[in-house]
Amino acid sequence: MKKLAIALVIAACCCCTGAVIAQDKAPAKTVSEVYDRMTSNAEGEFIGAAEAMPEEKYTFAPSTSMGEFKGVRTFGQQVKHVAAVNYMLASAILGEKPPVELGGENGPDNIKSKAEIVKFAKDSFEYAHKAMKSFTDQNGMELVQSPFGPNKTSRTSLAMFIIAHPFDHYGQMVEYLRMNGIVPPASRQ
Amino acid sequence: MKQLQAVLLASALAFGCTSALAQDKAPAPPTTVVATLDNELSHLEKGLVGLAEAMPEDKYSFKPTQGKFDGVLDFAGQVKHLAGGIAMYAGAIQGEKPAAEPASLKTKAELVQYLKDSLGSAHKALAGLNDQNMFTPIPPPFGKNPTTRFALAVAMVSHPNDHYGQMVEYLRMNGVVPPGSK
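Those protein sequences? They're chains A and B, same order as listed. Per the numbering used here, the very first residue in the first sequence carries number 107; after that it's consecutive. Per the numbering used here, the very first residue in the second sequence carries number 708; after that it's consecutive.
To be clear, the hints were calculated from the coordinates, so they are not data collected in a lab. Note that the structure is predicted; figures quoted are calculated from it, not measured. Please note that a few of the clues may not be correct.
[Said to hold, decoys possible] Which residues of chain B face chain A? A partial, calculated answer using Cβ under 7 Å:
no., residue
1, GLU747
2, THR854
3, ARG879
The beta carbon of each residue, even a glycine, is placed where N, CA and C say it ideally should be.
Between the sequences and the hints, there should be enough to build the whole structure, so can you do that?
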């Protein structure tokens, strides 16, 4: 057991075990509070990876000579996509229009430089926190309009997606970083 | 909106998004927080098992080499780490020791089965959550600070997405388009 725990902690690709360890305060007592803290974990890993990539590599995507990479997003597009989706989900939870122009789930065209993209991502997580703090045990399961498709879904379902979705792209960005000779900050010992 | 759906479906990297879209097909949305988590776990399960099955057996020992990849897990290691991690979380939620690792974990079939079994134990762990026990402080499986069954459950369902993203890249490096991205 100990060996497995150590293996989990030191595994180069393991991110979230650290996130659980990082909870150095009393456990969260509500669904909203748990989701808000988990958002912080996702945010920490994700923004760390976004900041670690040099600006000139923001246009990097694995080439087709490296495998089946036709049409995949560049590093910068991955960051923008997660930020835009954060805004879409959080605004649906809050029942309001996104506070910034998103231009769809890939983010606005006018956000281009690394600094602009990182700021867009940071702001999206800040807005996500606002959404996470907004719902209660009473209205968390109320159905609201999904930003994807015609159906309605619950606030907590959208909240869960805000936590899970960045990790998918984080896992891909980790590989993009390593392909460029950079060890992801969360994996440095 | 239709266009957005098409983009999401077609998007080579939109595993997470397909899981949201999949809600469109669901007969009725989950009515409890735990059912929502279990729903997400089912999407995750489909994605992870799909990747593990899509990778050819002879590529299970693959790990990237072009770049800074010292010490990273090979594909088999990713599957094993995932399955072991999920089993550990599931065990902690149920107040039990995690299910023992199978004696032999070498072949693709053995690793895929281990992953499936761990995901099965994750569903079982979620089924045991209720309003009375969700937020009771319990000892953590990692570190020192007390946690709750619910916090572990959310971590158990979200953490594997990180590995999903990595495994997607491993597949693509081997010329395989992930099933969830087709």
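Status of the hint placing THR854 of chain B at chain A (closest C-beta pair under 7 Å): holds, 5 Å
Restraint outcome when GLU747 of chain B is required to lie within 7 Å of chain A by C-beta distance: holds, 5 Å
Chain A contact restraint on ARG879 of chain B - CB to CB distance below 7 Å: Cβ of ARG879 of chain B sits 5 Å from chain A, so the hint holds.
Every hint from the earlier list agrees with this structure, and none is contradicted.
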